[in-house]
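Same order as they appear, the protein sequences are chains A and B.
For the first sequence, this note's numbering gives the first residue as 1, with consecutive numbering after it.
For the second sequence, this note's numbering gives the first residue as 1, with consecutive numbering after it.
FYI, nobody ran anything at the bench for these hints, they're computed from the structure.
A portion of the hints provided could be inaccurate.
What the hints assert, rightly or not - Covered, in the sense of this in silico footprint (three residues per stretch, anywhere, with C-beta under 8 Å from a C-beta of chain B), are these stretches of chain A:
1) 111 to 124
2) 237 to 247
What the hints assert, rightly or not - Straight-line Cα separation of at most 20 Å, SDA-like style, residue types lysine to any residue; simulated pairs:
3) Lys157(A) with Lys53(B)
4) Lys69(B) with Ser24(A)
5) Lys157(A) with Lys69(B)
6) Lys99(B) with Ser24(A)
7) Lys37(B) with Asp106(A)
8) Lys69(B) with Asp106(A)
Said to hold, decoys possible - Far from chain B, some chain A residues (derived; all Cβ distances over 10 Å):
9) Lys19
10) Glu41
11) Pro107
Quick caveat, the model's predicted, so the values are computed rather than measured.
Ideal Cβ placement from N, Cα and C applies to all residues, glycine included.
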Amino acid sequence: MLAVASGNIDYALAVGVEKLTDLSGYFTTNGLATAADADYEAAMGLSFVALNALLMKRYMFEYKFSKQDFAEFIINAHRNAIHNPNAMYRKTISTEQYLNSKMVVDPINLLDASPIADGAAAAIVCTYEESKSVKSKPIIVSACEIGTDTIAIYNRKNPLILKGVERSTQKAIRTAGIKHSDLDFLELHDAFSIMTALSLEASGFADYGMGLRIPDNGKIKINGSLPLSTFGGLKARGHPVGATGIYQINEAVLQLRHEAPEAIQIEDARYAFTQNIGGSGATVVTTILERDHK
Amino acid sequence: MDVPRNWRLKHQRYRLRGTRCLQCEKLSFPPVMICSKCNSRELTEFFFSGKGKIYSFSTVYQAPIQFQKYVPYLVALIDLGEGIRITAQLTDINPADVKIGMDVEMVIRKICEEGDKGVVVYGYKFRPLMAIE
């Protein structure tokens with residue numbers, strides 16, 4: 001991005017690749033735990049899921065929510081994934097199935113967690129001048145901003161506030177020169193249902209403790225005012241960790257070109273917001289894309 | 001984790017050794033080389049009391065491979081009395097009895113075994129605070 005923006009090069013190819021299914025779950029769990037503090041989190045027996053479970057448990061305690069209150073994020077993701085030919089799980093999920101699925105790390109059960117997946121995605125970035133001569137419909141990168149936080153959760157003053165998300169979003173919104181209300185849909189890092197709630201809050205779409213109220217009245221559905229996970233998100237499209245960020249960009253581009261499958265096409269989509277998180281909020285990249293009107 | 005890495009962590013694992021900043025008094029665990037509050041490099045070692053309250057907890061059913069034989073087990077974030085937070089397992093308690101805000105204290109327990117020829121790792125876990133008779 002910056003190499004093109006600086007004028008050093010005209011074209012860049014960004015590729016995300018992931019291969020996780022060559023090993024069984026025990027080994028992958030180990031590998032994914034390297035996204036945590038090795039000596040003081042992973043070495044104590046905490047998996048990456050366990051860290052998210054600690055956040056979810058505290059969230060439910062502090063704001064008095066039950067597990068059922070997280071259901072709509074999951075159901076919505078699966079509802080949209082049906083129409084995405086690249087999705088891993090193209091099937092709907094009921095509240096009962098969600099509540100009764102196998103426990104992984106309490107309160108996170110199987111359907112709270114995104115599935116590990118293999119995958120690859122790519123995007124070509126070029127200068128605005130060059131974009132005028134390409135055959136496909138170019139999409140403008142209005143902002144692509146990073147925010148960081150501590151790797152370990154125990155080092156954060158209030159672990160329920162994702163500072164990396166807050167910083168990344170604020171910078172992106174400022175760079176793009178738009179308001180939250182200009183965004184037509186969000187592709188968040190819904191690796192776990194708690195991450196969706198915390199991301200909505202830290203990004204400024206909901207007050208702290210109110211993230212779970214966002215799905216009320218169909219707001220996050222395709223025809224709602226703030227559609228989420230329009231291609232199924234990490235939850236139902238799958239989470240090929242190293243490729244997920246570029247998948248999100250691809251999905252956003254299809255929406256803005258109005259080339260998404262009909263059932264999940266956001267009407268007249270102009271601004272897209274994608275957010276990719278590393279670790280439990282340690283590294284966050286927010287990208288805002290815009291359809292070119294000229 | 002191999003022998004040297006476990007050996008280098010022994011004072012943290014067995015005695016909760018952290019640091020205290022000589023400039024601004026900020027306490028840190030794990031120990032730090034530079035104070036995260038005032039950037040001072042003048043620090044001294046500090047041993048935490050090991051008494052605190054549960055901030056959040058969880059039961060692990062699917063674990064990393066070297067912990068798989070211990071499932072289900074309890075993990076927690078604990079706010080130590082001195083004002084820092086630590087990640088650890090809970091022990092000597094029935095999962096149904098654990099509550100956020102519960103008083104706990106540090107004990108030394110086996111953390112895991114690293115295979116037939118590897119290290120048997122010991123370190124801190126937390127149990128309900130015992131009343132002093």
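Consistency of the hints with the structure:
| no. | hint | in the structure |
| --- | --- | --- |
| 1 | 111 to 124 | violated (count 0) |
| 2 | 237 to 247 | violated (count 0) |
| 3 | Lys157(A) with Lys53(B) | holds, 15 Å |
| 4 | Lys69(B) with Ser24(A) | holds, 16 Å |
| 5 | Lys157(A) with Lys69(B) | violated, 33 Å |
| 6 | Lys99(B) with Ser24(A) | violated, 34 Å |
| 7 | Lys37(B) with Asp106(A) | violated, 34 Å |
| 8 | Lys69(B) with Asp106(A) | holds, 17 Å |
| 9 | Lys19 | holds, 19 Å |
| 10 | Glu41 | violated, 5 Å |
| 11 | Pro107 | violated, 7 Å |
Violated hints for the displayed structure, listed by number in ascending order: 1, 2, 5, 6, 7, 10, 11.
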